[in-house]
Each structure stands twice: as structure tokens, then as C-alpha cells.
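Protein chains: 2
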Amino acid sequence: MTTPLATHAGPEAWSGKQILITGGAGFIGSTLATRLSQYGSKVTVIDSLVPEFGGNLFNLDACADQVRINFSDIREPFSLKPLLKNVDILFNLAGQTSHMDSMTDPHTDLNINCAAQLNLVEACRSVNPDIRIIFASTRQIYGRPEYLPVDEQHPIAPVDINGIHKYAAEQYYQLYHNLYGIKSCIFRLTNTIGPRMRVKDARQTFVGVWLRQLIEDVPIEVWGGNQLRDFNDVEDVVDAFLIAALDDKCYGEIFNLGSHEKISLLALAKLMIQLNGAGELVIRDYPQDRKKIDIGDYYSSYDKFSDFTGWTPTTPLEQTIERTIGFYQEHLPAYL
Amino acid sequence: MTTPLATHAGPEAWSGKQILITGGAGFIGSTLATRLSQYGSKVTVIDSLVPEFGGNLFNLDACADQVRINFSDIREPFSLKPLLKNVDILFNLAGQTSHMDSMTDPHTDLNINCAAQLNLVEACRSVNPDIRIIFASTRQIYGRPEYLPVDEQHPIAPVDINGIHKYAAEQYYQLYHNLYGIKSCIFRLTNTIGPRMRVKDARQTFVGVWLRQLIEDVPIEVWGGNQLRDFNDVEDVVDAFLIAALDDKCYGEIFNLGSHEKISLLALAKLMIQLNGAGELVIRDYPQDRKKIDIGDYYSSYDKFSDFTGWTPTTPLEQTIERTIGFYQEHLPAYL
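Line by line, the protein sequences give chains A and B. For what it's worth, our numbering labels the leading residue of the first sequence as 5, then goes sequentially. For what it's worth, our numbering labels the leading residue of the second sequence as 5, then goes sequentially.
Read the hints as simulated data drawn from the structure, not as lab findings. Keep in mind that the hints are not guaranteed to be accurate.
Any copy, or any two copies together, can satisfy a pair, since identical chains are not distinguished.
Unchecked claim - Cross-link-like lysine-lysine pairs, in silico, DSSO-like; alpha carbons within 27 Å at most:
#, residue 1, residue 2
1, 85, 266
2, 253, 295
3, 204, 85
4, 204, 308
5, 21, 204
6, 308, 85
7, 295, 21
8, 253, 296
9, 253, 266
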């Protein structure tokens, strides 16, 4: 299969570009920073290293010499302006991603996922209205699917505070695009996995904590198990971001990412154990306090983005899991 | 025509009920406070009297002896808890309503329309989970209509920051209803008019500033003029709130209000001049800086609420305007 990566997002196109990545020490942000520094971009990373979020300086080890790290919090409005000047493309990945934390501390979720996003888009408008913005949103805003696969027309019905706020932030970007011409492209990510993900706990995804359990030789705890999910390899997500960023017809649009491979949680746990060569699992009833925010089966249609750009996810799930297990077998202590 | 008001919202049902009204010195809040104090409810009003919002102590003149006024701001979380204890029904009307202000100062809009609403719903959950909440939202969240009349299934596409935040707040109430059983009922109001509305400027509705122009003998300024709108008399809106508040099947629901009478802005201006007995108008092009947030024709379907409860708006537009002009002919200085 021919992928359009060579034309759209080849290394040459990125050489010398001024890139800013919020949440750049996090899972996806650091993978992007690593790739773009290989491509010769001038990358600045913003990260606040809030312990509950995904930032981890170890993630930037491979590109530490090429990347400029700016320790700051996007909730703080003034420091954003000098950082945004002269930026060609902003990859805006900073956020509070934990669904449970959004329920126990909704104000922090509001501040990081709404107030800080307003700061960002206002700062762009003020100092760099020609900037291009790739904004990472989440499938969480769809809630419990009314049909599968879920496409971008699916009704919005968040089952948690995090989803409400991420949707509000999407609307800021759409509004500023329509009113002020600030170019933004929104991706609604499904479960993204790969090296550098948070594994300390389930704050990014349950797969993180499963990886830790696997490496630490603790039984993987599966809640329910029949729920179907789709997963994207982080490198495929980075490909999607790079393709969109250089393709002006993607701005003003909202795209799902996703995968044609669907797998039940139980089958996933078994696959992880098999690829690890050892491990156990226990199946538990879905916890009562989380039942109301359980969304059942979920997988995305990424047809729209595919039609726009030719992107499809190219990494088989098995290969992603194998590579990720290998990474944490070697580096787990850096993530605890 | 028989209306269901006698059974649903008759005075007897309200006698002795503990009522809290946020934004209770504002236009709709004070009309509600006046009515409920006539019905023998024990009414407490919260208002911060922020000069740009709708609060005006003159609005509570008719019920000043019966109503307890608590001067405070719902953005301040701690003072809400003692006020919410033992309340039977909360009419939650406090908010930033100006579309233009939400664009020039989006953070204030976020704080009052989102952060403060989180405070409120969290405080209810903590000190009074059995409370019933009537929440005033706005047709603004629909944006430019895709079809008319606009019903509750119409896509959400706010054309300003205010609409984004009001929709997020709606979702808080829906989420807390679904997850925690906090009973709430959401009304999406169309243009509401009547005595006690803000007329100092167009922050609540353009009709306010037209009333002022009319009384001050300044030409009414009509932008465009062909746009159709519907209007509700504030007393009809109060009826709707009272009916819903005592009808448990309304909780967990979202209802449009609206009117079967539709009128163009130009025809409305002419009607106002006619009923005032004097006045002039000038027609101007829609201002360039507001064109992008112009929604064209708008009117609501209120069939859902009508089907649920039998409510229909009973006051003819002409009668509302006549009564309102009379009010401001007498009381304009109290509103400047």
C-alpha cells in the first residue's frame, strides 16, 4: 500500500520550521518533538510537569540536545505570548486527560482544558494570527455510542466533566477560526498507545496501568472484558498530525482518528500477556462507581481524514504492543 | 382557552416553599421573586449587582418586605453552601448574558457561566442533593438556524463564547442529573421582554435599548430589519418555570420556550412607535464587526414543553410591548 506520507509529511518539508508543542514532555508531545527534531524543525516544548499529567523529561531524552524546553503552565497567560511569536505551527497537546480526576476536581479540569485554551487562542490572536494550530481532542466527547463506528456527525454527549470541557475548547478553536481566521485543525483521538505513555496509573488510559502490571508481574485487572475498543499507535497519530499540519484544507476541520482493528479488552489483555511471554489476568465486575461513565463498545470511523489526506493507520496493534512492552521492560523505573 | 396554570402552578402549591433565586435582582429573577412572594413562598434572592449584568434593586421594590436579599457572587464558592441548605427549588438565573462582552472578555464569561455553575452544582451535591433546579439557558447555543422553527434536536453551533459556555453549563446540569440524581430542568429562552428588563444598553436584548431610545425620544436604530424573531412575555416565562418546577417529569429535560407570533425587527420597531404614540426609526446596515455573529431569522418550537405540560405563551406581543412601554415611561430613570 502506498501511503501519502512521503509527499505530505516528508522530512524536507519540516526542515527549519518553527514548532511549538504544549504538553511537549508528555506521551504524544514528546514523540512528536522527537520526530520533528529528526526532521530538522526548530522545536520548543512547553510543559508544566504537573505530576498527575503526562509530562516526563525522560520522554525527551532522544532529542534533548535539539529541543528547547520551556517549563511553564499554559494557565499562566503572559508567558505564552513571547513563546507564540514567530511560531509556524502549534501542536496543542497540553491538557488534563483523566476522566476520574475531572469528576473529583472539576475546577482544575476547567482551568486547564478551558481557561488555558482561551489564553492560548487569545494569545495567538494577539501576537501571531497567522499561526496554524493542531488541537488534540478526544473521543470522550461522544459519550456512549449511539452507533458504530462513531463518525464526526455522531451526537455530542459527554459522560464526564473532561468531555464537556474538551468540547468547549474545540468550540473555541472553531469559533476563532470562523470569526478571526485563526487556522486550527481538531483531532478527536481514540486510545493512543506506544512508548512514552503514562504507565504509573490509569490517568491516560487503562493500557498504561496494564503495562505496568505486566512488567511488575502483577495480574492485569480487566473490568468486564467484552467491551470493544480501537487503538492507534502513537507514531501513526504523529503521522496524522504532520500530514494535517501541512495541508491547508484540513484547517477549520474536525477529524476522528481510529483504527480498523477492533479488539475486546479481554483479548487485548491476553495478547499483551502472550507478547510479554508471561503474565496473568483477573476479570472483575465493572466497578459500581464507574459504571455510569462506562461507554460500552467504542470504535471510530476515520474515513473523513482518510478521504481528505489518504492517511490510514499502518502499524498493526500486535506490533505496537510488542514495541511498547519492550520499551517498558527496559525503562519502567523512569515512569514510576 | 383553558391553561393548566391552575393545577400546576397555582398559588397554593407555592405557599411556604423555600425558594432561592440566583440573579434574583435581574429582569426575570425579580419578576419571579415578585410572583412567588405573592404566592407565599419564602424567597431568598442572590445578586452581585455587577453593573454590566441585569441586577437592579428597584426591580424588587414590589416585594422588598417579603424577600430576603443576599448580596453575593456565585463565583465565590463558600457562601453558596449555607444559602442552598433547606432550599426546595433553586431558580438559577445568574449569568453573563452579553454576547459582545463574551467576545471582548471571554474569561469573565467563563468564570460566571461555567466556573460559577460548577460551584453551584457541586454545592448542591454536597449540602442539598434533593434540591430541584430550574436553569435558564439560551437559544444562542443553536447559532444560525439550519431549519425553522428551531426545536431541541437542532444542532448546537454557538456563534459566540457566551453560547459555548452556556452549553457547557447545560451539560454540567445534565451530567449531575444523570450521575448523581441532582434534579435539574433546563430552559433555552428566546428573546424575553417585559417590565424590569435592562434598557441601559443592548446587553440583555436590543429591545432594551430600543425602549430607552423610544422613551428618550431618540430614533430607534434598526440593524437590517428583515430578520424574524419570536418574543416571550416575562410573565409567560415565569409561568413556564413555575409549571416545570412542580412537575417531576420535567427534570432531566431540556425545553425551548418561544412564541407562535413571529415578527420582523422592522415591524417590531414600527409597532413600538405606534404603541408609544410617537417615535422615529433609522435603518442601518448590519455592523461589519457583528455580521459574523448575526444568526439571520430565528424562532423556536416550544412544542416539547407544550406537550409535556400544556403551557403555551398567552400574552399577545402587542400587550407585552404596551405594558412595557408604560413601565418605562414611568420608571426609566431607575434603569439608567
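Hint by hint, here is what the structure shows:
{"no.": "1", "hint": "85 with 266", "verdict": "neither (42 Å within a copy, 47 Å between copies)"}
{"no.": "2", "hint": "253 with 295", "verdict": "between (40 Å within a copy, 24 Å between copies)"}
{"no.": "3", "hint": "204 with 85", "verdict": "neither (33 Å within a copy, 36 Å between copies)"}
{"no.": "4", "hint": "204 with 308", "verdict": "neither (34 Å within a copy, 48 Å between copies)"}
{"no.": "5", "hint": "21 with 204", "verdict": "neither (34 Å within a copy, 51 Å between copies)"}
{"no.": "6", "hint": "308 with 85", "verdict": "neither (34 Å within a copy, 48 Å between copies)"}
{"no.": "7", "hint": "295 with 21", "verdict": "neither (46 Å within a copy, 36 Å between copies)"}
{"no.": "8", "hint": "253 with 296", "verdict": "between (39 Å within a copy, 21 Å between copies)"}
{"no.": "9", "hint": "253 with 266", "verdict": "neither (29 Å within a copy, 40 Å between copies)"}
The structure fails to meet hints 1, 3, 4, 5, 6, 7, 9 from the earlier list, while all remaining hints are met.
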